[in-house]
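Produce the complete structure using the sequences and hints provided.
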Amino acid sequence: MDFGYQINPSSAVNLDQVDRRRYDALVRLSPDAATCMGCGSCSATCTSSAWSGMSVRKVLLGLQRGRDAEVNRMLSACMLCGKCTMVCPRGINTRQLILTLCRLDKNGEVVR
Amino acid sequence: MVNRQPVISIIGAGIAGLEAARQLSALGYKPVLIEKAPVVGGHVAEWNRLFPDMSPSEDLTGPLRAQTAGVRTLLNTEVASINRLKDEYNLILSDGSSLLCQAVLFATGFHLFDASKKEEYGYGIYDRVITNRDLEAWFNHKDDRRIDHPKAVGFVHCVGSRDVKAGNAQCSKVCCITAIKEAIEIKEEFPDAEVYCFYMDLRLFGKKYEDFYIKAQRDYGIHFIRGRVSEVGEAVDGRVVVKAEDTLNGKPIKVTLDLLVLMAGIVCNPDAQHYAREIGVAVDDDGFLKSRNNVDAITESSRPGVFFAGSCTGAKTVPETLAEARSAALAIHQYLNKPR
Amino acid sequence: MIYQGKQKIWADYQKEIPDDHWFYVRSCIRQNFFPASEKYFLVICRDMLGRDIFETEHHTTCAGIAYHCDTIPQETAMTVVARQFALMTEAGYENFVTSCITSFGNYCEILETWREFPELEAKIREDLWKACRREFNKPKYIAHASDLVYKFRGEIAERAKYRLVARATGEPLRIVEHIGCHYAKMFPHKGVGGAEYPCVLSGMAEAWGGQVIDYPERRHCCGYGFRQYHIKANRGYSLSNTHKKFESMEPFHPDMIITNCPGCPYFLDRWQYVISEMTGKTYGQNGYGIPALTYEELAGLVLGIDPWDLGFQMHQVAIEPLLDKIGIPYDPARKYLGVDEKKIKTPGLPTTLKCC
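Chains as they are written, first to last, in our numbering: chain A, 1 to 112; chain B, 113 to 452; chain C, 453 to 808.
None of these hints come from the bench; they were simulated from the model. Just so you know, even glycine gets a beta-carbon here, dropped at the ideal spot from N, CA and C. Each hint should be verified, as a subset may be incorrect.
[As the list claims (entries may be wrong)] So, partial list: chain C residues that the calculated Cβ filter (under 10 angstroms) puts toward chain B:
#	residue
1	455
2	456
3	460
4	463
5	467
6	648
7	671
8	704
9	790
10	793
[Stated by the list, open to error] Within a straight-line C-alpha distance of at most 27 angstroms, the following computed DSSO-like cross-link-like pairs (lysine-lysine) qualify:
#	chain 1	residue 1	chain 2	residue 2
11	C	637	C	467
12	C	795	C	491
13	B	363	B	277
14	B	263	A	106
15	C	467	B	355
16	C	458	B	366
17	B	327	A	83
18	C	467	B	229
19	B	277	A	106
20	C	467	B	363
21	B	148	B	263
22	C	795	B	229
23	B	285	B	355
In structure tokens, the structure reads:
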């Protein structure tokens, strides 16, 4: 029956159900990825960010919140210029991190 | 001429009181330690290991106890009241005796914030909600039926800290690093457990604290979620459902946990406030005792002959407390030997 | 769950509720939603328990709905409220009891505002005098009607014909309590038991033999939210909140929900039909829903008042499985008889939600 309104999907992230396999695989291959403290330097300096929404910070957070599609959309906008690697205060090799991520599917399997 | 015979009362035989007693004894004084508990060592003696070296707390309190064994120590003794005389203070003790002294050192320490006051967290109501103190007791004794091979554990930072509504607007300073220390210890005990830290800001100011944070992230895979837990409920299986906002993601977040540890903050010992008021020693608007100034006279009160050491003036780390105790001992020495 | 922990909190949130002589004000919407509830509040308090509860036909809306829908300024609501206080004063009462939770919140909020800003109270007194030549004393005590039933819960238990236990097994019924937001969330100390673990309804449920369920979304609003429901474009928001609550309480298998707000029982009842039509899901046993009762209806059932006199035919969710479970007799043939014992129309049946 159409009531003219519906049950809205919740925007809440339920960590009980989040699939973190891709993130876990990334951290196994590139442990420094886990040391991100969310400062946003990478996004602020990103060549692509202002046009595409690319943000390494958001990629890392998205992986931990099960937002795989969003992560892939951001990754596809990366130009691999490496500015983010230059500014990361934790010394995370973000460029290598992005390349590693591109090799992993959503189940965390190395596919490339 | 150095006056070595005055009476110095030290209220509280935690690490501040013990260290000050040790230093004053070394200077040739005969201080008196007044402790309401049946043992000395205070909060630190109940803690298991200390950051940043992960040294057992006994490594600190054991030698302190041994080196102050010769100090007159009144256990199970409370200060019933204090009177201020011309140059002296008269302490009436709970055993009915009195102590006339030329200097008083407040080493009265802190009270752990009563976590049950944050009603939404359900401490004392939900079985699986414990405090930092309960967890340290478990590390010491491994005897708590609530901690049974947890698969998911959460730590809530700032419980009763930076919380105007709960009556404590201040940062309790040591909880961030304590939470990270305890999270790592939980991971060591239960490597399969997912561990979440819910924080507002991570304030890791001390030596090696940032290293702890990086280690927790990289080596232990502890999840840090920037957002204050807003609400805790109990699921049908007795686990707790925790809600927060993942503020870096801008979305609400929820997770079901086997154990939730509340990092209860540090508030002033109400006894200290009471004694201070009795003798006209100023209490600051944060509830802690008010130093003569907060830059170079932290151990001095607004009254001659009354001194402070440790967390009676605000949240302190162990090394800060020990340094203040030494500083206070020296300040007392100088006060007693000032030409009058 | 550590029950003693809750008792400790309850001890901190006990409010003084005078035993007798109350000036009663009705709700705008409850008489349509749950027509017998207010009537039986009076029957129980006056006729069964012998209390003096006074009401006057001159009482109007408290303007709470308009205030919460943002269609009138608070000063207007204050003047309307001042008039109700004048009616109480003229009738010679000092204790003011409201049927509606939003009214209760409105009265509390206005009295607190006047306490903080006495000049505003003076202005409202002047406005009231100009508008209708009335003067008022502020009530000594403000209570919600559920506070009174909570206070009388022991007396009701003594007179009870039925207890909230399953007749077949002797097990206590599993009861969800849902408190209206405006009861204690604004002023926790004005609610019995506070805002986090209110005991006004759980106290009744336990006194009458039931067992209260504490489920994760217990504190969540029913979703009514005034503007959220009243504007059709926002109605999904209202529905989603109720849906969230049902999903959360479902694993606890509640036998019933009790409420103390005009809106909550309505939405907790009717949305079960809408959810069942949209998703095919029902939350009670065997395809039925979970009955959502007002506290007066529950008190009435326990005291042995006929379910159809209590107005359960006005609920969407069928009450019969619950009556059977407790062992309360009812005559199915009387369900849709009007006050003159003539048959009123029988409602159509939902696609999924089972009804009797």
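Hints and how they fare:
no., hint, in the structure
1, 455, "holds (9 angstroms)"
2, 456, "holds (8 angstroms)"
3, 460, "holds (7 angstroms)"
4, 463, "violated (12 angstroms)"
5, 467, "violated (17 angstroms)"
6, 648, "holds (4 angstroms)"
7, 671, "holds (7 angstroms)"
8, 704, "holds (6 angstroms)"
9, 790, "violated (43 angstroms)"
10, 793, "violated (45 angstroms)"
11, C:637 x C:467, "holds (15 angstroms)"
12, C:795 x C:491, "holds (22 angstroms)"
13, B:363 x B:277, "holds (25 angstroms)"
14, B:263 x A:106, "holds (24 angstroms)"
15, C:467 x B:355, "violated (30 angstroms)"
16, C:458 x B:366, "holds (24 angstroms)"
17, B:327 x A:83, "holds (26 angstroms)"
18, C:467 x B:229, "holds (19 angstroms)"
19, B:277 x A:106, "violated (44 angstroms)"
20, C:467 x B:363, "violated (38 angstroms)"
21, B:148 x B:263, "violated (40 angstroms)"
22, C:795 x B:229, "violated (56 angstroms)"
23, B:285 x B:355, "holds (24 angstroms)"
Taken one by one, the earlier hints fail for this structure at numbers 4, 5, 9, 10, 15, 19, 20, 21 and 22, listed in ascending order.
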